[in-house]
Structures are given as structure tokens and as C-alpha cells.
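*Asks:* As they're listed, the protein sequences go chains P and E.
Going by our numbering, the first residue of the first sequence is number 1, and it counts up by one from there.
Going by our numbering, the first residue of the second sequence is number 1, and it counts up by one from there.
One thing to keep in mind: the hints can contain errors.
With a straight-line cut-off of 25 Å between C-alpha atoms, the simulated SDA-like cross-links for lysine to any residue are [stated by the list, open to error]:
1. P/K274 with E/R111
2. E/K244 with P/T170
3. P/K326 with E/R111
4. P/K261 with P/M111
5. P/K274 with E/K244
6. E/K247 with P/G172
7. P/K326 with E/A140
These are computed hints drawn from the structure, not numbers from a lab.
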Amino acid sequence: MTQNPNSFRNQPDDRGHFGDYGGRYVAETLMPLVLDLEREYRAAQADPAFKAQFDDLLEHYVGRPSPLYFAERLTEALGGAQVWFKRDELNHTGAHKINNCIGQILLAMRMGKTRIIAETGAGQHGVATATVCARFGLPCVIYMGATDVARQAPNVFRMKLLGAEVVPVTSGAATLKDAMNEGMRDWVANVHDTFYIIGTAAGPHPYPEMVRDFQSVIGIEARAQMLGRTGRLPDLLVACIGGGSNALGLFHPFLDDADVKMLGVEAAGHGLDKEHAASLLGGSPGVLHGNKTYLLQDEDGQISEGHSISAGLDYPGIGPEHAWLKDTGRVEYTAVTDDEALEGFQLLCRTEGIIPALEPSHAIAAVAKRAKDMDRDAIILANLCGRGDKDIFTVAEKLGVEI
Amino acid sequence: MNDNPAMTASNRLSSTFGKPHPALICFLTAGDGDTAANLDALVAGGADVIELGMPFTDPMADGPAIQAANLRSLGAGTTTAYVFAIASAFRTRHPDTPLVLMGYANPMVRRGADWFADQCKSAGVDGVICVDIPPEEDDALGPQLRAAGVAPIRLATPTTDARRLPQVLEGSGGFLYYVSVAGITGLQQAAQGSIAEAVARLKAATDLPVAVGFGVRTPDQAGEIARVADGVVVGSALVELVGKHGKDAPRHLRELTESLAKAVHSAAKAST
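Please model the complete structure; the sequences and the hints are all you need to start from.
*Replies:* See below:
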């Protein structure tokens, strides 16, 4: 089979570059390991037994395929295009994160690694990692910014129940990026036995490609489900973007469907002219955490703190494939503020009886804006990548409610 | 421009490593305390090469001491322009002492690799150590540094196997920096036996001088390593003195540097 040179689905190149982005910007200590990981990933891709085990766990442990759901009352309320949701919030552990964790822990075991580390912001990736570690009996250390540990007590307790050691990170600004720094420091000191399960489609090659591939189950299912239910493809895909793994998981299988438009929604926080976490719309290219991509940074290349009401979007970088998709124009990117996301959150609660996480609430807010201006027979498919149980305290506080 | 034709980047480093004794390489973070006074104290104490750290918000390869120094420096408002001003002024005061910049990719490539290489050349910087640009990503900075006559100094580690080593050496200059432990700066110390073995392996593969760093804190350790290596790098122990003593740091830095230099310079060099 020859590769179509015009395909948007054949990135990255053999050095892990998505156009000018991506790559392997890591310390020499990690470089041999990253190369090993790539070799092992290629071997796993060619091994039917690996895929069979991955698929089996997704079906019977995670609960896939997740439903494709027509949001009838939301559609009526918006008065425009039909709105459909891919229900990845119904997965075990309540978000899309588990898809990737299953894939990576199987790879870790193939490589003979006996200890797992991960970083987490809000705690969703930490919980998903702790979950698969419990499932396969591997010890697990989760790095989490000290401020997030204080804010996300329920998820910290969940991780501990699952047997993980949660290490509060006090270095730097004590947030997600510092947790990632600390994860890299642990990894570099324990390369011989440790596997780092990165939670989003970022980091050194092959992580961005590998995480995208594991998450692509979202788009592969959704594409088949949509064709089966409506006989056609959607007109517009919408997903929120922090590091960007849920969006890539939905978008990637559709990238060569020229008539399907795509919209990635970043977190505009208090506004793009104020504190935000929109690396693509409000940042510029640079190098951090193993890859070249868009970053929030100052003129000297010092990294800025991201801000979003959603801790899962609160990261000053983005996966390198999104950087490339932005520059090529294949995917459109927009941003939604904290307040708009809160409205999207409440809108979905009231119209559909679904409490979404604050992350996809950004996607819902963007859907609400777009649907109105589209024909009634047009179809929007948005990824509902997480459920909102974890966010009720944040939302209550913002709404001035004491619980 | 550095207008001293007698001393260019490449020959400052090569003449230093050409001396009959091993080199003491001292690290400080730029903009942490009175850097000019602190660097002068290192030179006065006997440092052969200065490694000047460019502060970064996310120093992923550094342990607590240098992380704290990065934050102190950035907190004091250090900019890239100020780092080059420190380097430039150092070059004027110490025309013959090699100065290498050490840091992370993003601040180095922010305004373009050409700009950075040009600034290095103008400031009289002899070499650049970039933690997170491995040979696989050399295009990001290597060609520009080499074109400007600034040595891209590569790192080799305990995980750099024989298969990889030629790639690490290709295009590298100045000296080879052997990171003696798989880990971050300032914490563990590698066993002397493993260092001797590694340095011998590296020296068999390259004519570049080999310096050893990470976890070297005391004159005794430095002296032991100097018996087998061409250079010894000390960082965290010095940076801690800056954090602890502030304005009084130069006196303490000089004292420690003197004892390190004595140990390093008196070690019998295994090879030249």
C-alpha cells in the first residue's frame, strides 16, 4: 500500500516530527529509553496479540464502545444543527484517559518495566493510571502539584484507595507542569525499571503518536456509529483541548474526510487578553517536556502559568500534532472562557440530564455558539470526554453555593 | 564581537584542557546573587572553566539546589539579555578563562538559533551545553553554534551505549560532559569504579577531553575523579553557598573552590 502524500493521517515522520513540531527533546539519559520505547511500540503494533488484549480490556474493563448519543433537547434548545455526543464520560473511571492508560501499561509490561509513574493535574489521569496499575499489580507513583493535591482531595483519595503513592510536588509553581518536571526527574533516575505513562498526546516521540493511536478508538467508533445511525458523516467535530488527547482521538480517524470540519476548543480562562491556557491561540512555538510545540511563554522563553477553571486544561503547552494541524489549517481552533464553560456545563445538565466535566463543558459552549448558525439538518459531533462528578465543588464555589 | 584574536572560543577550551593538570569546572546560575563577584571568586579560587547556568522556569534535569537557584534568579528578574551581559563582562575581566553556557532548549531557541549563536559569539562564550537537545535534534541549535565557532558540548550518560556513542560524538565540540549518574544534578554520587570504567570507554572513542559531573560535592570526590578524567564539574555545592550566604557568598565560594582546585590540580592525570 502506498502512502497518500496529501493525507493528514500519515504524521509523524520517522523522527517523530509533525511538520516542524514534535521530536525528541530529552536529556541524553532518557534518549536510549525513548528509542527502546519506539522499537517496542512498533513491535506491539505489528503483534495481533497486543491489539487483541487491548481491545478485550477496552470492551470488558473500560466498557467500550461508548454510546453515540443524539442530544435531542439540547438541539431543540439551540435551534440549529443536530448535536450528537460521543459518550466517553461513561468509561470506567469517568473519562477518556483510561483508553491510553490501558495501552501504555500493556506496553510497559511488554518492556519488562516493573514500576509506573505519571503526572496529573486535576487527578483524572492519575486515577486512570492508578486504576490500571491496580488491575495489573504494578506499583505506581503519581506526581501532583501541591496546590492541586489540596484542591482535588477526592481524586487524591481515589488514587490512594487504588494503591498509588501520591507525591505532592512543591517545586516551581506546584502545578501540572511542575508535576511533569518531577515525573521526568523520577524517570531519569529510574530508567532501568520505570515506565512513565504520559497522560496526553505530548512529550517526546513516540508518546504523541502512541497516545493518539490509543485514543483513536474514540473516532474510529464514532465514525462507524455515525454512519450506521445516520448514513452519513458529521459536518463538524468539536472537542476541548488541554494537551489534546481526546480531541486527537476523535479527529484523527476523520482527518482525510475532507467534508468533515473540526473545531478544537482551548481554555480562554479569564479571557485571551488575561490569564488563560490557550497555547495555540495565545502562545508561540517553543520546546518543553520533550517536544516542540506551541507554549505559553514570555519573550525570553520562560514558561508562563496556564489558567483555566478546568484543571484538566490548565497546561501551558499542547500536543505537537495540534500545532501542526493548526498551521496546516486542517483543524480550526477557538477558545472559550471560564464563564462560558460554566454556562455550557449548566446547559447540558438541564437539557440532557448529563453532568459533564468542566473540560468538555468548553466544547459544549463552543457547540452552543456554532449550532445556531448551522442548518437544522447539519450534524455536530462533540466529544463528551469526562463526567463532572469531580467538578461539583468548583462549580458550586463559582455559582456561590455552599455544599 | 570578541576582538582578541589570540583567544578564540575553540582555543580557550583547548589550551585549558592542554594544561598538565585536570580542569576544575565550576557551575553557577546566572543572575542568582551578585554573579560577577561570585564568578570572580571562582576564578580567584582556581576554577579553570566557568559553566554559567541560564535560568529556566522548568529545569527538568536539576535537583533541588539548582532548581532553587533558577527560581531565585528568575525572581530577581533575570533576562536572557542579562545573562549575555554577565558573560560579556566576564569575558572582558577574564580574557583567557573559558566560559560555557548551560541550560535548556527553550530559552536558547526562543529568538532563533542563529540569534543565540551570534549572541554567544559576541559575548565570548566558548561552548554551550543544552540539556534537552540530544543529537537527534541537533538541527535545532548545533549547526548555528558550529557556524559561529561556539562548541556544542554534548552529554554522555551511563545509559549512552556503544551503539549510540558515535552519534553523540558526531558534531560535538569543546569537551565531552560525562553525567556520572542516571539522575538529576546534586544528589547521588556515582561509584568511582563505574566512573573510571566509563571515562576509559569514552576516551577510547574520542579525542575530546572528558569532564565528569553530577553529584560531585567534595574535594575528596573531585580529586578521585580527576585521577581518571580531564575535568571535574562541581555545581550544586557551589550554588548552595550562593543560596545560603547571599552577599557574603564570594568568600565562601573562593574557599571551597580553592580546596576543590587543590584536589583536582594535584591529581595525577591518567592520560593527556
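*Asks:* Okay, which hints does this one fail, numbers in order?
*Replies:* 4, 5
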